[in-house]
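In case you want the letters, here they are:
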Amino acid sequence: SQTIHQWPATLVQPVGSPLSLECTVEGTSNPNLYWYRQAAGRGLQLLFYSVGIGQISSEVPQNLSASRPQDRQFILSSKKLLLSDSGFYLCAWGRFGPNSPLHFGNGTRLTVT
Amino acid sequence: GESVGLHLPTLSVQEGDNSIINCAYSNSASDYFIWYKQESGKGPQFIIDIRSNMDKRQGQRVTVLLNKTVKHLSLQIAATQPGDSAVYFCAENTSGTYKYIFGTGTRLKVLA
Numbered sequence: 001s002q003t004i005h006q007w008p009a010t011l012v013q014p015v016g017s018p019l020s021l022e023c024t025v026e027g028t029s030n031p032n033l034y035w036y037r038q039a040a041g042r043g044l045q046l047l048f049y050s051v052g053i054g055q056i057s058s059e060v061p062q063n064l065s066a067s068r069p070q071d072r073q074f075i076l077s078s079k080k081l082l083l084s085d086s087g088f089y090l091c092a093w094g095r096f097g098p099n100s101p102l103h104f105g106n107g108t109r110l111t112v113t
Numbered sequence: 114g115e116s117v118g119l120h121l122p123t124l125s126v127q128e129g130d131n132s133i134i135n136c137a138y139s140n141s142a143s144d145y146f147i148w149y150k151q152e153s154g155k156g157p158q159f160i161i162d163i164r165s166n167m168d169k170r171q172g173q174r175v176t177v178l179l180n181k182t183v184k185h186l187s188l189q190i191a192a193t194q195p196g197d198s199a200v201y202f203c204a205e206n207t208s209g210t211y212k213y214i215f216g217t218g219t220r221l222k223v224l225a
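Protein chains in written order, with the numbering used here: chain Z, 1 to 113; chain R, 114 to 225.
The set of hints was computed from the structure by calculation and includes no laboratory data. Only a predicted model underlies this, so the values are computations on that prediction, with no experimental measurement involved. It is possible that some hints are incorrect.
Claimed, not checked - Cβ-Cβ distance ranges computed for the label pairs, FRET-style:
#1 R:Y211 <-> Z:W7: 22 to 32 Å
#2 Z:S57 <-> R:G129: 37 to 47 Å
#3 Z:L83 <-> R:T123: 41 to 51 Å
Backbone N, C-alpha and C define an ideal beta-carbon position, used for all residues, glycine too.
Can you make the complete structure from the sequences, with help from the hints?
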């Protein structure tokens, strides 16, 4: 069966510090990978998605970047965090093709102080 | 854990009753729909999905109804249990695209 791992679960970082959140998927190959941010009382905001190694599509211009160095690894980064980067970050994977749900990790709660 | 849905609409249901959670979707081109359950501090968990060529689909204690005419989706939970307490999201997708659009969610509270 497929599993998705996301870490760390919680993170407190000062403004201006770098960020690296990692997500890995097991049990499948060539998944579509996604980073979402969730704000309280709001839906999930798509940040990045990737359909293959080195292929990143950005949905929202901002202080974050994503990379996919391996087939089942997706990394969310920032060189300098802003207070507004605080939030709940979710990684998800999906199969290529129609009518396929996304499967989510358990998220990272990021607090920028 | 994550304080998801501080200002979300809330549905309060007595334990053992049936719950109906509604969702209005936005894109007429959407042809695939998903319901997720999110517990505090966790990521959304897949519950059930439905394609646009169907009006109804049933799972274990859950049923999803799709009304394409009014772009409305509902999730029915039979014999609601305390463990059903969570935030529920709908999501929509159009075949051939990689993007999924998520609703803001409804908080379900099960009263003992």
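How the hints compare with the structure:
1. Under the hint 22 to 32 Å, the C-beta atoms of Y211 (chain R) and W7 (chain Z), about 24 Å apart, fit the expected range.
2. At about 46 Å, the beta-carbon gap between S57 (chain Z) and G129 (chain R) stays in the expected band of 37 to 47 Å.
3. Separation of L83 (chain Z) from T123 (chain R) is about 29 Å and departs from the stated range, judged on CB atoms against 41 to 51 Å.
The structure does not agree with numbered hint 3 stated previously, though it agrees with all others.
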